[in-house]
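Line by line, the protein sequences give chains A and B. Mapping of the first sequence onto our numbering: position 540 corresponds to residue 558, and the numbering continues sequentially without gaps. Mapping of the second sequence onto our numbering: position 63 corresponds to residue 70, and the numbering continues sequentially without gaps.
A hint or two may mislead.
[As the list claims (entries may be wrong)] Chain B is nowhere near these chain A residues, computed Cβ spacing over 10 angstroms in every case: (1) K348; (2) A420; (3) A427; (4) L428; (5) R441; (6) A507.
[As the list claims (entries may be wrong)] Computed footprint of chain B on chain A; a stretch qualifies when at least three of its residues, placed anywhere within it, have a C-beta under 8 angstroms from a C-beta of chain B: (7) 177-183; (8) 248-255.
Just so you know, these hints were derived from the structure itself, not from any lab. Note that the Cβ used here is the ideal one computed from N, Cα and C, for glycine as well.
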Amino acid sequence: MSARWAGPAGLALWAPGPQTVGPAWRAATLLIAVGVLAPLASLLWLALQGDPSHWQHLADYVLPRAMRDTALLLAGVGLLVLLIGTGCAWLVSSCDFPGRSVLHWALLLPLAMPTYIVAFAYLDLLHPIGPVQGAIRWALGYASPREFRLPDLRSLPGAIFVLGFVLYPYVYLTARAMFMTQPAHLLEAARTLGATRSGAFFRVALPLARPALAVGLALALLETLNDIGASEFLGVNTLTVAVYTTWITRSDLAGAAQIAGVMLLAVVGLLLLERHGRRHQRFGSVQRMRAMQPHRLRGAAAWAATACASAPVAIGFAAPALYLLWEAGKRLQSGAGVSAALVASLGNTLALASGVTVATLAAGLVVAWGARALRAGAGWRPGVGAARVSVLGYAVPGTVLAIGLLTPALALDNAIADALGLRHLPLMGAGIVLVVACSIRFLAMPVGGIEAGLARIPPALEQAARLLGETTGGTLRRVHLPLLAPALATSALLVFVDAMKELPATLLLRPPNFDTLATWLYAEAARGTYEEGAVAALGIVLAGLLPVLLLARTQLGDTGTPGRAA
Amino acid sequence: MNSIRPSRRASRPLPPLQLLALALAGLGAAASASAAEQVTLYTTREAGLIQPLLAAFTAQTQISVNTVFVKDGLLERVKAEGARSPADVLMTVDIGNLLDLVDGGATQPVKSAALESAIPASLRGADGQWFSLSLRARVLYADKGMKLASFAYEDLANPRYKSKVCIRAGQHPYNTALVSAMIAHDGAAATEQWLRGVKANLARKAAGGDRDVARDILGGICDVGLANSYYVGQMKNAKEGTDARKWGDAIQVIRPTFAKTKGTHVNVSGASLARHAPNPANAVKLLEFLVSEPAQALYAGANYEYPVRQGVALDPVIAASIGQLVPDPLPLTEIARHRKQASALVDKVGFDQ
């Protein structure tokens, strides 16, 4: 039952089998892949126009430092998110302790926080004239910061700290979902065979969770790599900063595209390496097994567990959120109030995030379903290729992606306007280019999520459905979609939260008079009045809370007991 | 004037549901044509800063202003939009950015007696492709307790200030412009020496914003630093008890000069008529309005900038703490010309590392 891509264009021969998808589906898959590749191709074209002479300068003065700092930042953040994310997920999954039922969802809360807001909050909180150092000086009896102060947050370790505590939920989410559904009998078998509790974790639970950890880690690291706001605040000169400097300060867009292209190659290489590493592994489980039961901790151990699992929530969410609340309170008290325009930008934010969520989910389903055949040995190569390609949007900085999209999108826009005889740009003017840009950027999440979800649905179910006479589409609708519901919901919520925080593409591609909360906040920051942006920042966090809580509900169940995750 | 909370972007926002519906349906027939007179402004300046000016313009002329605040990529966007670009006026800060728009072919010449009489010839393109609208000086913030009568930019490299200097990233346009002025005056070799000296004097990483210089002086991290003049007005005019006011109160401000010319480094904000402006007449009206006396008074009073027009009063706090400018006589185009070299030097000495 294999389907092969064979023959010259237009004469592809398709051996009918349960794994194939129809021509419309194939066309849609290819269209999505083309959409994702268009901005990258236009960047490549730009890069080829460039004069390579600036590489001498870069090699002499920029790249060695930038590559070292980028590598250290990625290594540091990677280590921190793995440690916090996996550690907390295991703690919450395998142990019972006071506060567990709250912490198991509260650990996701930092997802609602844009990194640049947290960076700003900590710069203020930990500044020598901020509350933390003020309290320390008071306790130690120093009168002025000139007598005693802590090291500056504006440093590589500072950036690792901030990014690690904001981005760990990507790993926590995937790891927790995985631990919750790992069959208990595997761990019990390990224990019966003499493994210690930690032995069972390191030798059974952790290796089994590896694909999930890899997905979460990849998301966190790509966010780190493409971050510009927090790095700029904290003075860490990553490769992304080098891209910006080349483009903005030296007006060399082609040169910037060259650096971005090399970064993209590195990212693709890493992703391929990770896939290669687990190419022979299968992680599906045949049927729903009894999940592990948490082991009740008592006394000091219980409270230590509570403290360990609370710390990331306190650092990544509670402290910056309280800071924003405090600043917004000061702002509102000063009589400034919430303007109608701010409310309008909340509406715009929600509309943009909804549009992007629907678009990415639909596209993600098309791509992942088209690619699923590979696992059953019936590789529809272009479909698989499209799935791999679809993550690339997440691997380039937002502004760079938006710049790449400008040329092809506006060429299309102008062509449509020519055809319809319009004097304005229909796609750009209606914000459709913006929705497309954000969708390309975030497509990796639903594709990854849905692929992982599909991988856990035994092929036998599909074979049975097809044998009983159901069509491919019917199988998808009646068998897979219901089983995929948790994966779809998780992807939708992740995309929604990320699209709400999206800044760089929105800044470049929005239509006139269109503000989101993020652009509003950025505008306040751009004129150097961050504190006035506190209300908008709080808006982003509050609006992001609901999807995060829903995410906790769909993915992790209500009470910390193993939920409905497939 | 921090209390200005303009009802900004109130003019014709695209209703979110319309956006959503359009996005979902993939249809693109957003009718943007309306009968009323309008003008569309693309700006890299945060729109809130100029909103009081735009509101006054609309009140006076009945022309509504659509704005897009684009941080990076203004030129790329306008070029990609091509002949159908809705942009009428392009507004940006820093002379280098302004000339990039001209060199990128995104502008067209304007012939206007009102603009030419209001703006000194040195602050606009001879061909009418660009016009300065306001000036800002790169000044020294210093701890209140220091005794400093005068200061040269060159002094910042003096070992006397070892570990006492704060400044934002060297690659920021505000700093590359200063470095390129230094190159024009003293040559690349001397400027490199100077940059190394300043780098050696840094109390912390060259990062953050201009107001952080004042905040870090209050926090005891440093004693002196360079920053733009209008932040002084923002901070020292802020409400009593706010953080910004505390930072502003912690500093004194000196107008530094180049040793050679005895002039202070000045940069501009400015605007051009977009090449494919659909409403060119309204665009010129807007440009002319922005250099009119009431608008220039708003630039000075609400934004704490230096007006380009002669005879417009400064904000009292700016007048008291910084005073009248004696700008460096170096032509602005010279600053733009050395910008790439300046940026390369900043990399070379590892200023931001």
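We went through each hint and held it up to the structure:
1. For K348 of chain A, the condition that its CB be more than 10 angstroms from all CB atoms of chain B is violated, with the nearest at approximately 8 angstroms.
2. Not every CB of chain B lies more than 10 angstroms from the CB of A420 of chain A, the least distance being 7 angstroms, so the non-interface label is violated.
3. Not every CB of chain B lies more than 10 angstroms from the CB of A427 of chain A, the least distance being 8 angstroms, so the non-interface label is violated.
4. Listed as a non-interface residue, L428 of chain A fails to keep its Cβ farther than 10 angstroms from every Cβ of chain B; the least gap is roughly 4 angstroms.
5. The Cβ of R441 of chain A does not lie farther than 10 angstroms from every Cβ of chain B; its closest approach is about 7 angstroms, which violates its non-interface assignment.
6. Remark: the non-interface label on A507 of chain A is consistent with the geometry, its nearest Cβ contact in chain B lying 19 angstroms away (cut-off 10 angstroms).
7. Under a criterion of three residues with beta carbons nearer than 8 angstroms to beta carbons of chain B, the stated coverage of the stretch 177-183 of chain A fails, only 0 such residues being counted.
8. With 5 residues carrying a beta carbon less than 8 angstroms from a beta carbon of chain B, the stretch 248-255 of chain A meets the three-residue requirement, and the given coverage holds.
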